[in-house]
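Enquirer: One line per chain: the protein sequences are A, B and C, in this order.
For the first sequence, our numbering assigns the number 1 to the initial residue and increments by one for each residue that follows.
For the second sequence, our numbering assigns the number 1 to the initial residue and increments by one for each residue that follows.
For the third sequence, our numbering assigns the number 1 to the initial residue and increments by one for each residue that follows.
Please note that a few of the clues may not be correct.
Unchecked claim - Each computed DSS-like pair below joins lysine-lysine, with the alpha-carbon atoms no more than 30 Å apart:
| # | chain 1 | residue 1 | chain 2 | residue 2 |
| --- | --- | --- | --- | --- |
| 1 | A | K86 | C | K276 |
| 2 | C | K186 | C | K170 |
| 3 | A | K138 | C | K391 |
| 4 | B | K28 | C | K276 |
| 5 | C | K249 | C | K170 |
| 6 | C | K276 | B | K26 |
| 7 | C | K276 | C | K186 |
| 8 | C | K391 | A | K86 |
| 9 | A | K138 | A | K86 |
As the list claims (entries may be wrong) - Covered stretches of chain B (chain C as the covering partner; in silico rule of three or more C-beta atoms under 8 Å from a C-beta of chain C):
| # | segment |
| --- | --- |
| 10 | 162-168 |
| 11 | 255-261 |
| 12 | 346-352 |
Bear in mind the hints are in silico, worked out from the structure with no lab data behind them.
Just so you know, these numbers come straight off a predicted model, no measurement behind them.
Glycine included, C-beta positions come from ideal geometry on N, C-alpha and C.
Here's the letter readout for the chains.
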Amino acid sequence: MPLLELIDLRTHFFTDAGVLRSVDGVSFSVEAGETVGVVGESGCGKSVTAMSILRLIPEPPGRIVGGEIRFLGQDLVRMPIAALRKVRGNSISMIFQEPMTSLNPVYTVGDQIIEAILLHQDVDEDRAREIALDMLRKVGIPAPEQRIDEYPHQLSGGMKQRVMIAMALSCQPKLLIADEPTTALDVTIQAQILELLKQLQAEQGMGIMLITHDLGVVAETTDKVVVLYGGQMAEVAPTSTLFSSASHPYTQGLLRSLPDRAPPGSRLPTIPGMVPSPLQFPTGCRFRTRCGQASPACAALPPRVERGPGHAVWCHHPQPPAGGAA
Amino acid sequence: MTEPAARPPVAEDPSWVDLIWVQFGKRKIARGALFGLLGLLLLAIYAPLLASNKPLLWRVADGPLSSPWLLSLFDRNFFENGVDLFFNALLVCVSLLGLPAAWAWRRAATLPRAARGARRARLLLGGIGALLLTLGLNAAAPQARPKEVYPALQAQLEAQGTPVLAVYPPLPHSFRDGVLDQARARPSAAHPLGTDAAGRDVLVRLIFGARISLTIGVFAVSLYISIGTVLGALAGYFGGRVDLVIQRLIEVVICVPSLFLILSVAAFIEDRSIFHIMVIIAAVAWTTPARLVRAEFLRHRNLDFVAAARAIGYPQHTIIFAEILPNTLGPVLVSATFGVASAILTESTMSFLGLGDITVPSWGQMLNAGRTTSEWTLILAPGFAIFVTVSLLNLVGDGFRDAIDPKLRR
Amino acid sequence: MLQYTIRRVLLIFPTFFLISLLIFVVLNVAPGRPGAGAGGGGGEQAGQAEQESYRIFKEQFNLDKPIALNLRHLTDLAEVAAWVDAVRAAPGAVPPAARIDAQERLEDYGLVLVPHLLVLLEDADPERQRAAAAWLAVAGQQRFQNDRRGDVVAAREANRAIAAANQEIKGWTWTAAAPAAEVEQKRAAWRAWAAAAPDRLEWTPAERVEMSLLDTRFAKYWQNLLLLDFGVSNIDRRPVLDTLLSKMKYSLSLGTLAVVIAYIVAVPLGIFSAVKQGTTADLVTTIGVFVLYSLPSFFVGTVLLRIFTEGDPLALFPTGDFETLSAGPMTTAERLGDIAWHLVLPVVTYTTGALATLSRYARTGVIDVIRADYIRTARAKGLSEPVVILKHALRNGMIPILTLLGSLLPTLVAGSTVIEVIFNIPGMGQHLYNAINLRDYNAVMAVLLASSVLSLLGILLSDLSYALVDPRISLD
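All chains should be modelled from the sequences, with the hints used to inform the complete structure.
Expert: Here it is as structure tokens:
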């Protein structure tokens, strides 16, 4: 049984302007100890998928309208909210893109970590503080005894993200959802944070769902990649397979636009056009308006095509591995 | 999260003003309130057409057909107050030029943006020119019309057996002169809201009161927005000592409870007119736009596009007026809308306390008169007039604020 | 924090000085003559006695002095001659405004005129000599000591001497028909008077500077203010500060009660509305609050008074006053009950306005915060919704509400003129209203200054409490 399994998840936003089908049929799974990368351009539904798992979608206007989220066999979508709260921050934790604003400015970082520990673990306050200090030490914060009583604004961005990680991991979750944890940080800090996550994963054996738009990060850290386009599945494959033999024209486009893959001196290939607004998604395959391979058949929903072990693509015209793929 | 909806494909990017306008239009309540305000403005402009004791048409026996009403519009002996003369001039201009101007304004929408702005600016200037011309002609016109009381004259003539043709506006009462033997009349067909202690029709005074309230609101706010914007811009742009001095001044003014100061100063002025009242309100209220503009300047001063303008070598005044000032328009517009509401409230309060201009039909003063007679219509009518006006302005202000705030943009 | 507080408290003094200067100048340059109603008119038509009493009145309240800068010592002979001539000119020869202006100057300028008038006393024109002597009798008057502190007996003694001296020089004027000998004798008296104390009529540069800055209304006012003397009312001649303090308790009880009730109702209402944002309940609350927000308090008060008091449909409450005035002896509980009964309508009126503002602030504050990333973090931790709202959202969302409390402090004590006038509550607001209608200068100044000080304190308090609640704000 996989740790987490999304089955045909659909999350829609009901706004004045119309219904935004931000997540519209997303299915994949995360195994214990595995790191799954979820990639796609801005607006492809990555973050909404992540937030849907813990049902953190602002409601209204958002709502999970269909599908299942199975965590250790339990459906989180239909779970009573009180039971879900025992899962949040305990067996599933999240870290967010914006460390700057994700911590409450009026409480010390210690307060905010201890709060989570007291909530989910049967310990007294002194013990909770010890655990918090321990976690801060683990995530590499210097002088944690001093930092624990500081306010978020006294810490740098990288430090704040470390605090977020410490908070997320303080209850030894089975699954960590990291929503672009490094986007807002400097490149050097980025590498440190990713390294830290890897190391902590090795220690605690948790599954990680890593949301990112950075294929470099994906290549370095993940075991499996899920490619989303317009809120729908495009391709899922083991990381090495994806980089060697991507089949979806969109995935191929993404890979082609990586700078280190283009011959030096040439113009970097791009995917023509822009991600359409969620209000104006085309019917059938949502990529067809930008796709070089599109045919009239693409007006129908694309079928799931198995391409190998753990490798599937949702496309009417799966492509052979692109030329020059490493 | 979800991305903002893509704009519909258009030939050119909509300007910032257009964007706000579209956002504002999406808010049905605010849009309705704006139409309500427009209605109130039209009511104020066309007040004499609804209520006047001068006949629209007048003919004695087979004599010449005349319109004392039309002549009275420019009669400085009849409409003694500058506010009324101004609105009468507006009445004439809007009636003659309103529709063609609206048509030309609409047509300009099809033009490319630069030409559209220029065309609309010309239209606006033309309108202001026409208004000034009308006012000037009025000031130059001789004022030697007899003070006839037409209803009385008509009754007298008809008693003599002379046939008289007289067509009056729907409410044939003067806003100024009461009929004493009709004092404190209950509501009736002739006086829909009854009369006050001086025998003046309450509804008529209510309608003419709209002129006073709107004038106070709009002019006081324009005055203090101008003062505040200039001072705020100076403080925010130059910083340093200029900022320090202006900041101190603002601090000093906001520390004095404004209503107390307004009442005290108003009380010490003999023969207060509504112009005094507007100046007093403006003198106390300019700190709000000054602080807003200053804050916006401080925010924008170090932003990239201003740095870019400096790097290109734009002169300082270009940077202030073309680069930074437009960005402050939004917050200032919002505060101006709420400001009109609060200026109207302040004036009503002053009038209510007997510290307003006693020569004009102010709503606050009417309510004060009603309080002493404790006649229901005299309390409720002006009270609701103030309430409705202030509500409409607050709703429009809310709408503008929501439209400008990108956080709330959907 | 302590350092910051001390610095801010010290900053209050210069700001207060500037405020007092502003109010003083604004009230003094406002058209209309202060005290004209109380001390008798000063115009041409005023009788001799009346004119004299107005002059003394002006002197007593320093109204004969320039507002903030005294440059009268720069007056030259030609100007004085022109004024003297303007006042004695035939009717119609000089515009009335110019005549009044000249007369006021001659009345007000005092000793600085004396050297020039002495020159005019030697003028060839006997009429001018006569006018000069008449004005010398005014300009040469010594001022009484108005100090109500210190040795009262000695002061009275000194004032008696001054009165005698003033009375003596008043006699040194003559009519047009006076014989030459009398004229000569009186002119000689003036010469002797001037020679007796020549240094009184000459000023060193230092004295001139001092005179420019300190011999002004504002400086005199401030000299007293430093001793916490706000002057006496020109209506009842009682110290205005005493009256003010006695009025404060009424405004304070009304204001505190109303603001406390407003907070108790508004904050939960705002939070409720924010949490339920977009629902029907929110819509109803928002509309209700909006209606209250747009209703002017004088309208609410008038309507309540019309509904709930004597002779009305529901005569439940008294028409006004703070308590029953002609009541017999009451126990404390009875008295409190009586006050509460009187205060129901004013408090309701007061509360409606404050309530609407506060709950709008509370709602916006919580809505702004409720979408913040750290609220999502709190939810992701597994915290329950009440904890998320009350612990994480409220503390941030209430910051604007807290600052509002500071700005409410002056209204708390100073009260609301409108409500106090409608319900006839003898608080500071009504006191100000009565004072401005009676042109009671010192009383108006005192109310404005007192409420400004409260404003300053309120702003300071709200800044400090801001820093206490929000650790991001560092005050040092």
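Enquirer: Work down the list of hints and note, for each, if the structure agrees.
Expert: So, going through the hints one by one against the coordinates:
no.: 1; hint: K86(A) to K276(C); verdict: holds (24 Å)
no.: 2; hint: K186(C) to K170(C); verdict: holds (11 Å)
no.: 3; hint: K138(A) to K391(C); verdict: holds (28 Å)
no.: 4; hint: K28(B) to K276(C); verdict: holds (21 Å)
no.: 5; hint: K249(C) to K170(C); verdict: violated (49 Å)
no.: 6; hint: K276(C) to K26(B); verdict: holds (22 Å)
no.: 7; hint: K276(C) to K186(C); verdict: violated (92 Å)
no.: 8; hint: K391(C) to K86(A); verdict: holds (19 Å)
no.: 9; hint: K138(A) to K86(A); verdict: holds (24 Å)
no.: 10; hint: 162-168; verdict: violated (count 0)
no.: 11; hint: 255-261; verdict: holds (count 6)
no.: 12; hint: 346-352; verdict: holds (count 3)
Violation of the numbered hints given earlier is confined to hints 5, 7 and 10; the remaining hints are satisfied by the structure.
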